[in-house]
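Undergrad: Residue numbers (this note's numbering), protein chains in the order written: chain A, 3 to 252; chain B, 172 to 696.
Hints are computed from structural coordinates only; laboratory data are not their basis.
Just so you know, not all the hints are guaranteed correct.
[Stated by the list, open to error] Below 27 angstroms or equal to it, Euclidean Cα-Cα: the simulated DSS-like pairs (lysine-lysine) are:
| no. | chain 1 | residue 1 | chain 2 | residue 2 |
| --- | --- | --- | --- | --- |
| 1 | B | 217 | B | 261 |
| 2 | A | 106 | B | 217 |
| 3 | B | 295 | B | 519 |
| 4 | A | 220 | A | 231 |
| 5 | A | 86 | B | 235 |
| 6 | A | 31 | A | 230 |
| 7 | A | 86 | A | 131 |
| 8 | B | 374 | B | 519 |
| 9 | A | 131 | B | 210 |
| 10 | A | 86 | B | 173 |
| 11 | A | 195 | A | 220 |
| 12 | B | 513 | B | 343 |
| 13 | A | 21 | A | 65 |
| 14 | A | 106 | B | 210 |
| 15 | A | 131 | B | 217 |
| 16 | A | 21 | A | 230 |
| 17 | B | 261 | A | 106 |
| 18 | A | 31 | A | 76 |
| 19 | A | 106 | B | 260 |
| 20 | B | 231 | A | 131 |
| 21 | A | 131 | B | 235 |
[As the list claims (entries may be wrong)] Covered by chain B, per the in silico footprint, the following chain A stretches (three or more residues, Cβ under 8 angstroms):
| no. | segment |
| --- | --- |
| 22 | 33-39 |
| 23 | 54-62 |
| 24 | 88-94 |
| 25 | 104-110 |
Ideal Cβ placement from N, Cα and C applies to all residues, glycine included.
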Amino acid sequence: MNNLSNLAIKVENLNKSFKVVGGQVQVLKQINFEVNNFEFAIIHGPSGCGKSTLLHTILGLEKPTTGNVFVLGKDIYSKYSEDKMADFRKQHVGMVYQQAHWVKAINVIENVALPLALLGIGRMDRLQKAAQMLDSVQMLDWAYYNPAELSSGQQQKVSLARALISDPQIIIADEPTGNLDYESGKSLMGLLKKFSTQYQKTILMVTHDLEYLKLADKAIHLFDGQVKKIYSPQSDVEEMTINSNHLKKL
Amino acid sequence: MKKILLFPINLILWIFSVIKGTFAVTIYLFLIWAYLILKLISWLAKRLTFLTGLEIAYNKFLIKIDGAPDDTISRIELIDLAVSNMRAKKTRTFVTVGGMTIGIAAIVFLVSIGFGVQSLVVSKVARLEEMKQTEIATPPKSNLFINDEMIDIFKNFPNVELVLPQISVVGKISYNNSSTDMAVYGVTQQYLEQSAISPVIGKAFESNETDTTFEVITSKHYEEGTKLDTKDEVLVGDWVEVVGESDIGDQYEISKVTLPAEIRDREAVVNKAFLKVLNISEEQALNTTFSVAFIASGRILDENQDRIESTPVQYTVIGVTPDDATPMFYVPFIHLKSLGIKNYSQAKIVAGSEDKLRSVRDLIESQGFITSSVVDTVAQINSLFSSARTILALLGTVALFVASLGMFNTLTVSLLERTREIGLLKAMGMRSNEIRDSFLAESMLMGSMGGIFGIVLGFIFGKILEAILSFIAISNGAAWLNIIEIPLFFSLLIVLLSFLVGVLTGLYPARRATGISALNALRYE
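Chain A extracted, bound-state conformation (with noise of 0.2 angstroms):
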């Protein structure tokens, strides 16, 4: 609890299961880390060991079982409704996923001011500062297209511009580049650390690429619901090179 200001996310003693059919499942088992602010880090580990279920939480959209998750200092799942929830995200959060989300309706440009909007900011106000937004990832030329007519690389791009727009302390990034080929990976992948260091984020992300554990400054290994590890890749470079032909291996 010592220095929780300085935390971005804390995760304390962390339980999750699923009931399934005849019994319970165990995701996550006493999970416990921290990053602090204006850190990137990075949690991998192979399909299946939790990341996902673990990042949910984070989010505080899956009530964990036992445990506490703190956001920012806030104890997220004692303190807030779903709704008050939903506010800490829109002011605090910012999101890329796996496969970039959009509302279908409305062009590139309206979609990235869409957290601004939820926010209460004016259209002239928000419209500005996504064209930045947009400008700052390469993208201007695309705002007034349908995101669903961009390449999957421009997508990422823009959701990114997305995420960041509404200025969050914390950027969660679900396996950004999962989808994308390797240039676009790595284009987006400067991106997020460019603006990480530029801005000042912290940064949350989940891969499984363990090529971008470089750039982290630090990396949560799950392994079948349990923190196996958590290290700095930078100064570690052969923790690195043991999981990443662990990882092979798999």
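Here the structure of chain A is known, so what remains is to put chain B in place on it, guided by the hints.
TA: Then chain B, alone, in the frame of chain A:
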């Protein structure tokens, strides 16, 4: 036990929430309409640049009256989002709104025919002025009379505008060596006007006099052949000039009465039937003179009078009315009153307004008189048509019901299609009630649009039918038929109804939408 105790509290809370909900929905309706006006202004502002200021100011005003807290989306934006969704699915929106339009149009069409035919029938039965008139008569075998005193009493009743007495007698007409009896009405010009009796040829007389100057006899001038017992007998002769005093003596009966010379302008308004009976052509009717002797009898005379008959006098036809059923004619009221008639046959009372008539009639009836008005007939017609309209409206409601099922279906499908979108919005931080409002906006917009287009379409269909029927009527020699009528309150009711249908059909999908989890946006397929 606890449940039972809590029941009243829960009931009150429930009622409170219903009131609150109704209030919220009403405000939302207002916002939706305000939004449509905003769109209209924006559209105009694109063409007329000087309106840009107005557009911005109005937009600010809307966001202000919406009253959303600073950090939440205003409902105007939600409505905007709903409109974007409707635009994105043009065909679907068109078909859904089209269904609503047809449903509403069916109701409007059927009910407006109901209203139209009703006013057509009522207009044939009664004119507008007649709706504030009533006829007064005395009940048979009563000692009530409609005389000058009574008329003064009536005039002083509240809400009475006019009291117009009428005297009916029999006229013995001689014309071209033939003679015939027919009804003669002594009326004022005002009476003719109020009864809408207006000549098609010539004009009506102008006499409005009801008070004769012959109330007291000062000089007696008995006509030849008049037989009186005493001078007191001159009761009748108050208006009589009797020639020769020598004959006063044995007998009691007055057989001939001369109309006083002071009553000039012996003009009569006759009807077409009159002309037919006397075999006068319509072209030659004006200025034809005929001789008439008035015979009064019955209740209009005093008790001690039995029958009075005037000497024949010459009348000139100055107007012909279109009525060709029963031969009769009108002469100025004062002419007949001068015969010595103190009690009138009938009186027509005009009330200050239509809704005051009832109270006026009640007052008169409380005096023992009989009133009759065309309003009674109209009331019966109205009640008949109101049942007919209900049946027609029910038929239309079937169409509306089908249409609202269509809308319900559209919204549900749209909801399923947009599951991910809703998940995304929720993950981004949209609240449940905002999601609900966005869906409701869509259904309310579709409903309202269907309502407006439906009224227009129903009206057009009605007018087409009217044109077809009128064409047939005109080719058969009748006039244009106004069979379509949409009263303002009915259009307002329809707009309200369509909006209500929008809310009701939208409620379920909107509620379902709020239950969609944000996790839908995170899953990858």
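Undergrad: Quick one, are residue 231 of chain B and residue 131 of chain A close enough, alpha carbons at most 27 angstroms?
TA: It holds: about 19 angstroms lies between the C-alpha atoms, which stays within 27 angstroms.
Undergrad: Check the hint pairing residue 86 of chain A with residue 173 of chain B against an upper bound of 27 angstroms on the C-alpha distance.
TA: violated (32 angstroms)
Undergrad: If you draw a straight line from the CA of residue 131 of chain A to the CA of residue 217 of chain B, is it 27 angstroms or shorter?
TA: Between residue 131 of chain A and residue 217 of chain B the Cα gap is close to 23 angstroms, so the pair holds against 27 angstroms.
Undergrad: Against the 27 angstroms threshold, does the CA-CA distance of residue 513 of chain B and residue 343 of chain B hold or violate the hint?
TA: holds (21 angstroms)
Undergrad: Is residue 106 of chain A close enough to residue 217 of chain B, meaning Cα to Cα at most 27 angstroms?
TA: holds (26 angstroms)
Undergrad: Is residue 21 of chain A within 27 angstroms of residue 230 of chain A, Cα to Cα?
TA: Since the Cα atoms of residue 21 of chain A and residue 230 of chain A sit roughly 25 angstroms apart, the hinted pair holds (cutoff 27 angstroms).
Undergrad: Starting from residue 86 of chain A, check that the Cα of residue 235 of chain B is at most 27 angstroms away, please.
TA: holds (23 angstroms)
Undergrad: Given the hinted pair residue 374 of chain B and residue 519 of chain B, is their Cα-Cα distance within 27 angstroms?
TA: Answer holds: residue 374 of chain B to residue 519 of chain B is near 22 angstroms, not above 27 angstroms.
Undergrad: Given the proposed pairing of residue 217 of chain B with residue 261 of chain B, does the C-alpha separation stay at or below 27 angstroms?
TA: holds (23 angstroms)
Undergrad: Given the hint that residue 86 of chain A pairs with residue 131 of chain A, does the C-alpha gap stay at or below 27 angstroms?
TA: holds (26 angstroms)
Undergrad: Holds or violated: the segment 104-110 of chain A covered by chain B, criterion of 3 or more residues with Cβ-Cβ distance under 8 angstroms?
TA: Answer holds; 5 residues pass the 8 angstroms Cβ test.
Undergrad: Is residue 195 of chain A within 27 angstroms of residue 220 of chain A, Cα to Cα?
TA: holds (13 angstroms)
Checked against the numbered hints above, the structure violates hints 10 and 22; every other hint is satisfied.
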